[in-house]
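K.L.:
Residue-level listing of the chains:
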Amino acid sequence: MADKSRDTSFSWMIGGPQGSGINVSAEIFAKALSRAGYYVFGQIEYHSNIKGKHSAYRLRISEQPVSSHVETVHLLSALDEETLVGDLYHEFPAHPGHAHEVAPGSAILYDREYRKFIDWLDRSDVLFWEIPYADLLEQALSEMGKPGQARAYRIMNNSMVLGASVGALGFDFEMVAEAMRESFGAKAGKVAEMNVNAAHHACDYAREHFAGKIAHRLPPAPARREQILIKGSQAVALGKLQAGCGIQTYYPISPATDESVYLEENQREHSLVVLQTEDEVSAIDAAVMAAHGGVRSATSTSGPGFALMPEGLGFAAMTEAPGPVVVIYQRGGPSTGLPTRWEQGDLSFAVSAGQGDIPRIVIASGDIEETFFDSFDAFNYADRYQIPVILLVDKHLSSSYQTMAAFDTSKLVIDRGALFDPAKNGGGEFFRHAFTPSGISPRSIPGQPGGVFWTTTDEHDPRGHITESIPNRLAMVDKRMGKMDLAGREIPDEKKFRLFGSGRTPVLVIGWGSTKGAIVDALRRIDPEGQTYSFLQIRILRPFPVEPIRELLERAGKVICFDGNYSEQLARLLRTETGFQPQHRVVKYEGRPFSEDEIVAALEHAVAGGPDRIVVTGGRVIDSDFAMKEFDRMVEMRLKHEKMLPPMVPLPPGYNR
Amino acid sequence: MGTATDIKTFSPQDYKADIHNDWCPGCGDFGILSSIQIALSKLQIPPYRTAVVSGIGCSGKTPHYMNTYAFHTLHGRVMPSITALKLANHDLTVIGVGGDGDAYGIGAGHFVSGGRRNLDLTYIVFNNDVYALTKGQASPTIAKGQKTKSMSEESIMEPINPVLLGLACGYTFVARGYALDTKYLVELITQAIRHRGTALVDVLQTCPTYNDLHSKSWYGEKVDGEDRLYKLDQTDYDPVVHDPNDVAEITQKKAQALLKSQDPTGRIALGVYYKLEVPTYEDFLKEKITALQAKPLVELEEIYHRDITPNLSKMM
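Sequences listed follow chains A and B, in order.
My numbering puts the first sequence at residues 489 to 1145.
My numbering puts the second sequence at residues 29 to 344.
If you're looking for bench data, these hints aren't it; they were derived computationally from the structure.
Heads up, the beta-carbon is just placed ideally off N, CA and C, and yes, glycines get one too.
Take these hints with a grain of salt, some might be off.
A few chain B residues that face chain A, going by a derived Cβ cut-off under 8 Å, partial list only [claimed, not checked]: (1) Ser69; (2) Lys70; (3) Arg105; (4) Thr111; (5) Met343.
In silico DSSO-like links for lysine-lysine, alpha-carbon gap of 30 Å or less [to be verified]: (6) A:Lys899 to B:Lys342; (7) B:Lys342 to A:Lys678; (8) B:Lys36 to A:Lys912; (9) A:Lys675 to B:Lys314; (10) A:Lys701 to A:Lys678; (11) B:Lys36 to A:Lys539; (12) A:Lys912 to B:Lys44; (13) B:Lys44 to A:Lys967; (14) A:Lys899 to B:Lys323; (15) A:Lys675 to B:Lys36.
Quick list of the computed label-pair ranges, beta carbon to beta carbon [said to hold, decoys possible]: (16) A:Leu796 to B:Lys323: 52 to 60 Å; (17) B:Met185 to A:Gly844: 30 to 38 Å; (18) A:Gly915 to B:Gly54: 35 to 43 Å; (19) B:Lys316 to A:Ile902: 22 to 30 Å; (20) B:Asp335 to A:Arg904: 46 to 54 Å; (21) B:Ala322 to A:Arg705: 53 to 61 Å; (22) B:Thr318 to A:His588: 52 to 60 Å; (23) B:Asp335 to A:Arg992: 39 to 47 Å; (24) B:Lys314 to A:Glu618: 57 to 65 Å; (25) A:Gly677 to B:Pro338: 57 to 65 Å; (26) B:Met185 to A:Ser840: 43 to 51 Å.
Build out the structure end to end from the sequences listed, making use of the hints.
P.N.:
In structure tokens form, the structure reads like this:
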């Protein structure tokens, strides 16, 4: 087992049915904690469902920066019985509940109504803290002139569960109340006060009965400082706004939609056109043509949507459009797969999608802060090299919240690339696809006098007319593909990869995308001096930085590569590009992101001489028979107990069915 | 470079690109191409303020023959392409051109949404019943039971009625032209470009190479002693919705257009079937994004100097 003594962070979880507002409560809490000066990492797991199915939200709260979640829970706040005992109503249960994740000596907060389920849990080593939510709600409502209506107002349970957590942890209730009022908004003044009051009652009850009795406590808050609490979909969107994006196109798809919705909310303020198209084919083609139209453009989608886009990628590349920027929010595939779950399954697809030779830049952001700057850079690359740019992110980056310093935009410079200037053209003719030493042809903007041009998805001559001539074909393919070499030469190494540690340690860990957060946290835990491990984060996958990466791989001792997919896609890319095979490949493909614990477990397993291929889930390395055993165990668990009814999500008072 | 003091006028020749045209001799496309060029010169829209955007196929080559901003895009993707170009610069005159397979087959989903949006666009469909560039397979407009010489079997699917489809999708201007009557086609295209909203012009086009059924002589035949082709504006037909707020009038005007488009006698009406003037997508967009009232998106310098500080402050 890893030495966990260095980890002083506190892990809180709220679980309940979708539609019951656990995410609202968790985000309110996260905001209050952020303002108090804590570092927070918030991670939600939810089903592809609107109301009723189980969701769970973890907040990792720390006095030091955190960029991942852990498997253990120090205070579990259950909104329903399913959070405690698991799914007991599907033939094949979806999950075993979260009681087993609670650390010994830690506590579970639950509603008195669910007392009988406590006996089902074989946990004599944790504290069970029962709260009479209905009674407390009745008190709160009576004070506000609504006696006898506790049943009707059960929708406020999420606020009470948050209040109880705050009381049990001894956190400042007023800070939570303030965030709660903001969350409800000025229009919902009365509703906000009712929720605050109900939460206050639960808080007082928990403070009185449980405060100080938990083994793990909230660490002391560091000094208050200016920080933001942001999720990846917002950071990507802000990067686009900062970059001067003019048109965002999209077709709704989880988990990409949050970004477009955020941009829609900002379109008036920031003069951004958001076009919801009829499908992803239209989304990318419209983005390509907006780029040709002289406006910076982008589209955001997920794997199934990107599956409809390779045609448009070729369109962009062949016509040398300055863009678009395509953001792919990876989720579990193939096909519809796991719509709301994590996977890094689209690396191979992103680097190779399309027919023929398509130049492209593929960036993989490692954390939420990077998504902002990568999103900004993507537009500069698109304009400068006149090629499509793919930004690969994922569900974990998209929907997780993290505290960080507000982005420093002072050094960001917009580069629109080579533009046609008729005054400098000496009266000569304009060739949109002119052969130039750099391979980049200056572009005019439709509407610009003197800049009329032709372009086509057929192979074309410098003027943009169709030709099938051999020398022209050779020169044009060289021109288009050469832009990737140019980008490779011009983009600085620190944007292509980052090395954490000396690179001369016995072990080199390699990862990409959102595995970064968990890897960085894990290495800080097990190797704070950086004596054993270095970490190489690959940030640009196309054009691949072959030489510097090969050099690092060749001088490394043991190389351990992390991939959030079955087929070891990063390891394969490394092999294809450098000829180097990492000795150990660690994969995770069950739909949930790597936790810090899983990184630690896999590294220790590999270093201790484990197999070449290591699979992890639930915080540990698993054997090949794990899945079937666990599957059977969950079915047995269901059969052992009486069948549970699916959770009912309370409706707002007065809701007319 | 053009300036405000220029008094240059544009002749049809000014819209012609200096390039060899590789359409088949006698192709109906020539008539459509020259009609577009003449219409633009009638409207005196400068070539550099115009963009012609095509899909794939014989019609797809049209932009190459235009001396305007010219985009030869993807099969079926004319509508997304012209939509975005117009959003980028609403001062451009944007004309989409495509075949019947392009518009009503592979691009049908986009065609539907284009009608719903109603940007100020013109969409000219070259309708010859066949996929000519792939050597004459059946297109979505060929009638059930028909077989051109290029088809091995007769079609066993119902054809799409472009007028009906356009009406159903919400196109606010629906017209039908004939490629070999360029004088009238110029008139229709001119009206379509002038129309504020998305205008559909379905053009019956002869394909001398693959469509032996609907040839110049077939279109010129008499039906029950009368010309097969006739012009709606030479009848008492009134395509215009005079009160856009009158739902009953809109329904009535659409119904009469539908009846005209499926004439059981076999006669074919040319002309404007339907016209409705309502606010465009751009009009609604300008209400939301007020900066667009002064300038098109592509000219908004301020978007490159956005201040995201208020967004960040909300996250504190």
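K.L.:
Is the distance from the Cβ of Gly915 (chain A) to the Cβ of Gly54 (chain B) consistent with 35 to 43 Å?
P.N.:
Hint holds: Cβ distance 39 Å, inside 35 to 43 Å.
K.L.:
Under the criterion that the straight-line Cα-Cα distance not exceed 30 Å, is the pair Lys675 (chain A), Lys314 (chain B) satisfied?
P.N.:
Measuring from Cα to Cα gives roughly 27 Å; hence the hint holds.
K.L.:
Next item in the hint list is Ser69 (chain B). Is there a CB on chain A closer than 8 Å to its CB?
P.N.:
Where the cut-off is 8 Å and the nearest Cβ of chain A is about 16 Å from Ser69 (chain B), the hint is violated.
K.L.:
Would you check the hint for Lys675 (chain A) and Lys36 (chain B), treating anything up to 30 Å between C-alpha atoms as holding?
P.N.:
violated (59 Å)
K.L.:
Check whether the Cα positions of Lys899 (chain A) and Lys323 (chain B) lie no farther apart than 30 Å.
P.N.:
holds (29 Å)
K.L.:
Is the hinted range of 57 to 65 Å satisfied by the C-beta distance from Gly677 (chain A) to Pro338 (chain B)?
P.N.:
The hint (57 to 65 Å, Cβ to Cβ) is violated, given that Gly677 (chain A) and Pro338 (chain B) are roughly 23 Å apart.
K.L.:
Should the hint that Asp335 (chain B) and Arg904 (chain A) are 46 to 54 Å apart at their CB atoms be regarded as holding?
P.N.:
Taking Cβ atoms as reference, Asp335 (chain B) and Arg904 (chain A) lie about 20 Å apart, which means the hint is violated.
K.L.:
Taking 30 Å as the top limit, are the C-alpha atoms of Lys912 (chain A) and Lys44 (chain B) close enough?
P.N.:
holds (25 Å)
K.L.:
Asp335 (chain B) and Arg992 (chain A), beta-carbon distance inside 39 to 47 Å?
P.N.:
holds (44 Å)
K.L.:
Between the alpha carbons of Lys36 (chain B) and Lys539 (chain A), is the straight-line distance 30 Å or under?
P.N.:
violated (65 Å)
K.L.:
Regarding Thr318 (chain B) and His588 (chain A), is the given constraint of 52 to 60 Å on their beta-carbon distance met?
P.N.:
Taking Cβ atoms as reference, Thr318 (chain B) and His588 (chain A) lie about 56 Å apart, which means the hint holds.
K.L.:
Given the hint that Lys701 (chain A) pairs with Lys678 (chain A), does the C-alpha gap stay at or below 30 Å?
P.N.:
violated (34 Å)
Checked against the numbered hints given earlier, the structure breaks hints 1, 2, 10, 11, 15, 16, 20, 25, 26 and satisfies all the rest.
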